[in-house]
Amino acid sequence: MTDIHTPGSKRTLGTDVIIIGGGIVGASAALALRQKGVAVVLLERDFCGSRSSGINYGGVRRQGRLEAQLPLSQRAHHIWARLPELIGIDGEYVRSGHLKLGVNERDMASLENYAQMAARYELPLEILDQQSLRRRFPWISPTALGGSYCAEDGHANPRLVSPAFAHAARRRGAQIFDQTPVSSIEHDGQRFIVECPQLQVRAPLLINCAGAWGHRIAEWFDEQVPLQVSCPNMTVTEPLPLFMDASIGIEGGSIYARQVSRGNCVIGGGQGYTTSDTTARPGREAILELMKIASALFPALANAHLIRFWSGIEGNIPDRNPVVGPSHTTPGLFHGFGFCGAGFQIGPAVGEVLAELIDDGHTPTPIDAFAINRFSTASSTLMSTCIVSGDE
Amino acid sequence: MSHAASLTTLPPVIVGAGPAGIRAAETLVRAGLRPVLIDEAAKGGGQIYRQQPDGFQRPAKALYGFEASRAEAIHASWRALLDQVDYRPHTLVWNSEGDELDLLQVRDQHYDGQPWQQLILATGATDRILPFSGWTLPGVYTLGAAQIALKYQATAIGSRVVFAGTGPLLYLIAYQYAKAGVEVAAVLDSAPFSAKWQASASMLRNPPVFAKGLWYLGWLKARGIRIEYDAHLLAASGEQRLDGVRWRQQGQEHQLDCEGLGFGYALRSETQLADILDCRFAFDELNRAWLPVRDAMGRSSRDGVYLAGDGAGIMGADAAEWAGELAALAVLQDRGMSVDRARIHQLQQQLQRTRQFREALEGAFPFPEQWAHEVADDVVLCRCENVTVGEVRALIGELSLQDMNRLKAHSRVGMGRCQGRMCGLAATELLAIGSGQSVADAGRLRAQAPVKPLPYAITPTVQQWSPSLSVAEEAEHD
Ligand SMILES: Cc1cc2nc3c(=O)[nH]c(=O)nc-3n(C[C@H](O)[C@H](O)[C@H](O)COP(=O)(O)OP(=O)(O)OC[C@H]3O[C@@H](n4cnc5c(N)ncnc54)[C@H](O)[C@@H]3O)c2cc1C
Ligand SMILES: Cc1cc2nc3c(=O)[nH]c(=O)nc-3n(C[C@H](O)[C@H](O)[C@H](O)COP(=O)(O)OP(=O)(O)OC[C@H]3O[C@@H](n4cnc5c(N)ncnc54)[C@H](O)[C@@H]3O)c2cc1C
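Line order of the protein sequences matches chains A and B. The numbering used here numbers the first residue of the first sequence as 1 and each following residue consecutively. The numbering used here numbers the first residue of the second sequence as 1 and each following residue consecutively.
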């Protein structure tokens, strides 16, 4: 790594790989590259792990993912098992089990279909009928008809986990700059020249991990991605006696809920709204709706209070898969962004995959479905509908 | 700060029925409007002129002392307003989205929405707190809470009590307790005695207020009540509840037995709503806090939002009345109605003078800056989340934290029921020192809804699940 100071001009750095974005994806890519001995500079506009990666719901589940993501998700599952060794903290990660509820026959059929598909990826799911659901999870109201249970899925604390990936990378020698927005990038034929207000960084390789803003950077290289932002609503209750011994989802998409060991129930659902390019607020209608559904499903919430709401900015892509892999216009450029509301769990695996693509030139994990050129060949109807229903 | 006059058809909405909110409402009513007046409390009056519950019959003089006539005047205005305003007692404003406030009717726990075009925030203040060992023991109260117990429900926080901290309320409340027949074992002022004298010259500019302060002090002294200066709380002791207090004074430790302890270091503004409404904030040296900015009329940076009273900087009850009236005059101006310019000028001058007096007061009761240096590691900083001073100091160092919101994310400080309203300022002091920045640069906790905890009971109970209830969702974000 070279650090050239020219008097009167801004600081200039040279490195092997530049990563834009210090969310869980960028930070785990930095960590994985350092483990391979590659020099890395990571540039983060805000603070590492303070955007989606730090404020999400904290669901660490494989169940319910699109088929194309299951190999990546399984890979991540093994990384999560080694969290303390990897990032130095347990991040409150627990394998509480993830229970996806069905509220009608159609949902139950779709859960069963999903379980059959998942079995091919060695993801064992247990279908529970109404009786066994009542017996095993008596705290769920009888409105649920049944469910699909994944014993080894769980949840973690994103506020702690995501910044810890950046700290771990830093400890291993990555140069990480918070509050350093990338404002433009040039390529001089050999190297990318990345400009930030206080810094210029040069490297032959560049990874775009800019989350919900990743398509902007892709656009600088003439790659179009039909990304639209979404702002999931999140709420948290005051600490309550422990009752929720599994993380809950609902088939078809509705609310989702988990209880942390301190007793707070974190419950998400519905959409907020953006207040600027980088900030979002929860929406009142959806919050009230969420409360209605949650209290119908979980009678234990009847006398509880919500103490905080929040939202964040996530990048959605019409086919609900992210963009992961090499650029199709610019050699040396790689992308990893647009995780459609589910990048926390797979983030650490995406980091490893990106490091393999850079260092080995290939990865054993199938990522074809995430190629950035899929949009140029996709039909226009797909492009025009960003909101798709939650059936898997 | 241009506030468009056009298309204003809705009645103005006032949040807070303290001195600021009541004078604002009165001014609007006088101009022929029928404002909406919302307050969480059961009756008008705010903090200082809090009314006793129905059935309690103590005379105003006993409740409000020197302030009895002002209190009676405010209460009379409030009563006169009752059928001229759209009055909503027992109603908490917990959020705002677009041009509509979200309300909780506290008693029956119903939801209500309140559209607005012109909104006066007169949300007042709470005690400013600096934690010390044992401050979460039963028997320890803030000064304000100790006063509320006495003023509202005629109960004392103990039969033998100590008051500690600093600020004008310290002596006032000690006086009120002693007068009510409670044994006041000591008043522990963290400010040195010299501060009072140095400040007194400038306080003489406001003789009545200064005299009042001296009078409380004299009254307490004449009754042989122990007053200690430069006295810094070390610990509240006790197993299940408070049984004594320890403090340090010029290198020496002292101890006293007591049943009740009231403490506080002046007041802090309730600014959450202004923040949720996206008003611009600036650091205010005098209040040592980030506050929503207001112009000389009380207009905030956001069109249609006006700020009055202690909610935008601590100036006291009289200033709150004037600021309330001014904000209402600004509302009228911005509706294109004619206002009395001489009156505006007079109010602005009175506020200007109060500001000077307020600066002198800060000299007499300086913020104890050494707190953040000296407070012990094992003191609980955030009582909702049980986070200690030591944990926070360690994280600031370990993670090189610079910003309050990052400190919150990593430490949980300010994540509990109070959302940092109680511990936030103390945490900022620790962060400033730990990161080598000014308190201003350490930043402020972003306010997040709900302003206070929101009961699940606000939603109608749904007996039967129906799929139509599903929140429309594009993908499952878990
Ligand atoms: C409310 C919410 C709940 C969610 N719940 C879950 C869940 O339960 N489980 C799950 O698996 N996923 C969940 N997700 C999705 C998950 O959080 C994201 O998919 C994941 O964090 C994406 O990681 P990232 O690193 O790509 O993005 P981010 O964390 O957003 O990181 C991208 C970073 O790039 C930076 N950046 C952008 N532009 C620039 C620039 N020009 N220069 C420098 N830096 C730049 C940003 O500041 C940001 O820090 C949720 C998302 C949200 C918003
Ligand atoms: C506990 C306490 C005791 C005090 N005692 C004295 C004293 O004895 N003597 C003295 O000179 N000064 C005292 N002060 C200071 C004095 O109260 C203030 O200077 C004065 O009351 C300021 O008037 P105000 O109208 O700005 O606010 P306040 O009188 O505080 O009134 C604000 C009102 O807004 C309401 N409110 C706030 N937020 C919301 C919301 N989100 N939704 C609905 N309603 C809301 C509150 O219920 C309150 O009634 C005290 C302050 C406190 C905090």
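If you're looking for bench data, these hints aren't it; they were derived computationally from the structure. Hints are supplied without guarantee of correctness; some may be wrong.
[Unchecked claim] Here are the simulated lysine to aspartate or glutamate pairs, EDC-like style, with alpha carbons at most 20 Å apart:
| id | chain 1 | residue 1 | chain 2 | residue 2 |
| --- | --- | --- | --- | --- |
| 1 | B | K43 | B | D54 |
| 2 | A | K292 | B | D112 |
| 3 | B | K452 | B | E100 |
| 4 | A | K10 | A | E238 |
| 5 | B | K196 | B | D54 |
| 6 | A | K292 | B | E72 |
| 7 | B | K212 | B | D112 |
| 8 | B | K179 | B | E67 |
| 9 | B | K452 | A | E238 |
| 10 | A | K36 | A | D16 |
| 11 | B | K196 | B | E359 |
| 12 | B | K452 | A | E285 |
Now the hints, each set against the structure:
no., hint, in the structure
1, B:K43 x B:D54, "holds (10 Å)"
2, A:K292 x B:D112, "holds (15 Å)"
3, B:K452 x B:E100, "holds (17 Å)"
4, A:K10 x A:E238, "violated (48 Å)"
5, B:K196 x B:D54, "violated (40 Å)"
6, A:K292 x B:E72, "violated (44 Å)"
7, B:K212 x B:D112, "violated (43 Å)"
8, B:K179 x B:E67, "holds (15 Å)"
9, B:K452 x A:E238, "holds (11 Å)"
10, A:K36 x A:D16, "holds (12 Å)"
11, B:K196 x B:E359, "holds (13 Å)"
12, B:K452 x A:E285, "holds (18 Å)"
Violated hints, listed in ascending order, are 4, 5, 6, 7; each of the other numbered hints is respected by the structure.
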